[in-house]
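Knowing the structure of chain A, use the given hints to seat chain B on it.
2 protein chains.
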Amino acid sequence: MSEFGTLESRVRRKSLLNKVMKAGDTIQYFTPGQNLLWSGFTPAGYPKEVPIALADHVEANNLQGKWKFNLFVGASVGAETEDRWATLDMIDRRWPYQTGKNIAKGINEGRIRMGDKHLGLFAQDVSYGFYTENGRYDIGIFEVSAITEDCGLALTTSCGIVAEAINLCDKIILEVNTGQPSFEGMHDIFMQNKPPHRQPFLITSAEQRIGTPYVPCDPDKIVAIVESKRRDKGRAFAEMDDTSEAIAGHIMDFFAHEVKKGRLPENLLPLQSGVGSIANAVVGGLAKGPFTNLSVYTEVLQDTMLDFFDGGNLNFASACSLSLSETPGFPRFFDNWEKYFDKIVLRPLSISNAPEPIRRLGVIAMNTPVEFDIYAHANSTLVGGTRMINGLGGSGDFLRNGYLKIMHTPSVRPSKTDPLGITCVVPKAPHIDHTEHDLDVLVTEQGLADLRGMAPKDRAKLIIEKCAHPEYKPILKDYLEMASKECLSKGIGHEPQLFDRAFKMQQNLATNGTMRIKNWDIKIDLCE
Amino acid sequence: MSEFGTLESRVRRKSLLNKVMKAGDTIQYFTPGQNLLWSGFTPAGYPKEVPIALADHVEANNLQGKWKFNLFVGASVGAETEDRWATLDMIDRRWPYQTGKNIAKGINEGRIRMGDKHLGLFAQDVSYGFYTENGRYDIGIFEVSAITEDCGLALTTSCGIVAEAINLCDKIILEVNTGQPSFEGMHDIFMQNKPPHRQPFLITSAEQRIGTPYVPCDPDKIVAIVESKRRDKGRAFAEMDDTSEAIAGHIMDFFAHEVKKGRLPENLLPLQSGVGSIANAVVGGLAKGPFTNLSVYTEVLQDTMLDFFDGGNLNFASACSLSLSETPGFPRFFDNWEKYFDKIVLRPLSISNAPEPIRRLGVIAMNTPVEFDIYAHANSTLVGGTRMINGLGGSGDFLRNGYLKIMHTPSVRPSKTDPLGITCVVPKAPHIDHTEHDLDVLVTEQGLADLRGMAPKDRAKLIIEKCAHPEYKPILKDYLEMASKECLSKGIGHEPQLFDRAFKMQQNLATNGTMRIKNWDIKIDLCE
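From first to last, the protein sequence lines are chains A and B.
Using our numbering, you'd call the opening residue of the first sequence number 389 and step up by one each time.
Using our numbering, you'd call the opening residue of the second sequence number 389 and step up by one each time.
Careful: at least some of the hints might be erroneous.
The list makes no distinction among identical chains, and a pair is therefore deemed to hold if it is satisfied within one copy or across any two copies.
[To be verified] Calculated pairs, DSSO-like style, for lysine-lysine (alpha carbon to alpha carbon, straight line, at most 27 Å): (1) Lys865 x Lys804; (2) Lys727 x Lys617; (3) Lys865 x Lys621; (4) Lys911 x Lys873.
Rather than coming from a laboratory, the hints here were simulated on the basis of the structure.
Bound-form chain A, shown alone (with noise of 0.2 Å):
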């Protein structure tokens, strides 16, 4: 018997017990083409072990690249699921977002065709139907921590888009994970209507819960139940450096700031941070203080939240997923199981990433992009603007509607030859996701550009004077001086840019390593 108990204790609906069976015996189930849709969120509560036994039994029969699913998920999920597919040839669609290095590889050599979507608007979206020929998926396979009398679904470190999606789903097979505490109870499921049905959702702080802690279920389309021990892999966080403390420093500088002004409350307004070094160090900032009874309103809780906890200074956390590191973030969790339980609500995606709540609560948004340009346009998924890292996650499900839109990088990234190779600022990014429309603030460690109510010109002198490396800034100003002035007298100058050199830096760094040019000197011959 699980110390975390029994496999019957959690299925509470008792007829469902005739249909507990192994994951191999699953494998009946599926058939190459098929729209699979998972439960789990940027690794946390997606389903292992019916997973690995389709990689084991594709493994073990020579069916790589026989065996393709089109795989849809609220976000990524760990790598011996969806990485092991993509090493397997496993994987056509993959919908929208992943991480891992061999389904990036798979996607960016042109074999996995992944999209790329606002996570919130995607979970909306499949539950209007638009992401299958028919709207419907053919095996939903979720992780659950226990199912009621009711047929009711308690999830487990994630919401996901099971709420979303379940009534899709013609078959359902549930992993019913007993190698760890039950989450029943931390859920807050609000069953949406399609348009023009669709009811408020009536949150008017990060705590407030609108719904039941269970997703119902058609217990007539459940085709299996296996019982899994497997815990999620979630990632360690990423260290703090002195770059993430220095932009930590502005964030919490600007905050008082805008305290003082007047422009936000003393405990602030509910906070969005991604993940990554950076967000570590602000949320690191925020558990020392100075600013108490604070609230999270995010899609994603790492392991730096506890933290954020502990310090007193963090009241409540409302978040789609509790992602927390393999170890030590969840067997710290469950040894504290009461202290943080009550303070932490997991919300359905598309209602955690929806603007309706996030522009309500005035959400304070913060992200990483890969880099920004000088008139404030972010690039957050495309490196080079070609090459698909992870996917634009829920940055602009927040970006676009929070109070205050904040994104931070560092000013410089090293290139293989050269440690300051690559600026983060650039005359133009190469691939756009967020635009000039929707941010305010940009921050590196070099400093803090608020851009609320600047035009082009003048966003564009204070991003290069606050946030460009030292060694960049001449550069940038250069271009800048030089557009302006040529945009200006042809009376086409609103955003001045000069397309035939707009990219040198970028195509300088392919030739020669380092985007630290010596002059935006080109000779283009258009071969007429």
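Below, chain B without anything else, positioned relative to chain A:
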């Protein structure tokens, strides 16, 4: 006495009658450098007498370039105000949208600092105090129909940002328009709190009202009441042409298909349609059938909306402004007042364009860009990537939040020397206002590309096949194949682009007057 009632009958708070003065007498309140906030939206309901008196004053006293103001209005206003001000060099900052040859000239030559923002977001951020140093405005100039005993303002043909900003104005000048009927009762004003005290907008259908007909006003702030008999200088609607009609036809077919597929109800969902000849043709198509019991949830109602009502298919329209033409639009409206009045509600901009009701109602969003690219990024604002036309408007507010997100444009436009010289389907948009993550459907007279659930390279093929002009199809296909081959071979091909030639068509247009290039060859010397 006016046929529409006297000034005395309109100003029901009698103590204000001793503040009645001629427009010219309000000059005393103005000093250069002030932040001015006007009523008005996409020319409707803007103040006329006072701005014209100020322009006369500047002209008479040779104050051009010496009396400059910062001008904040919901959107554009009549040319006799903002464009004349631009001619007289009276504008320093202008937010967030404008129309007029001279104001555009001033912006693109660097004399006027324009900020371009999602209109709904702008309205919200104004209320948060983000656009001026102290968040306040020196003078608010609002056109009203009437003033109640309680000093409630009944607005005229638009709501603009009066409700959002009225409490941030130090002085208020009211223009009471007795040159047209009173619009009292048409508005639904909901006064909002700032976060964390914001309340839901409980709009669950286009006709639902959540507020009162009046904007509450502090009478002590009113420094002048000016009578006006000037009417809005609204533009007559654009003529339909074969291209627009073909586009409208594709959209009608698409709606029918979606109804058949069960993805739209038989009476569709509330419609938003931009301005211009294509929007006109789409509304014209809807007016003719076959869909009935329709509703509109949009930002601007134009002349064609009257046909839509008259045809019997439109039940109700919600907007921020009633922007009819000076003739025949308004006279037709006034002559049939009883027929239209109860079928229209005008809302504050931050509500008409808010993500919350737009997502909840499931609005079908349709707008015209300058151009879109093969991956479905669209340019709505800057011709050639640098020259401002009007601004983003509400296109993003609706496209990002609609149930269906549709953009439509002719496949080609003429250049100065080539009737097919400009393709509106390009390899890479030189400015991006709407990203690939936001658009569902692209339409030209050539056809309709339904991009839902498609990965970038599949999207590109479909867009070229369905939307590009036959003259440009082979050119674009060549580019896609060439870029795909090169990027995929390097393992960087999620969204293939070649940055040395992505803008070759635009460069060729500048050099040779056409985007019809002979080949994709290019020689670049980086001059390192």
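Hints and how they fare:
no.	hint	in the structure
1	Lys865 x Lys804	within (25 Å within a copy, 34 Å between copies)
2	Lys727 x Lys617	within (24 Å within a copy, 67 Å between copies)
3	Lys865 x Lys621	neither (45 Å within a copy, 43 Å between copies)
4	Lys911 x Lys873	both (19 Å within a copy, 25 Å between copies)
The structure is inconsistent with hint 3 alone, although it conforms to all the rest.
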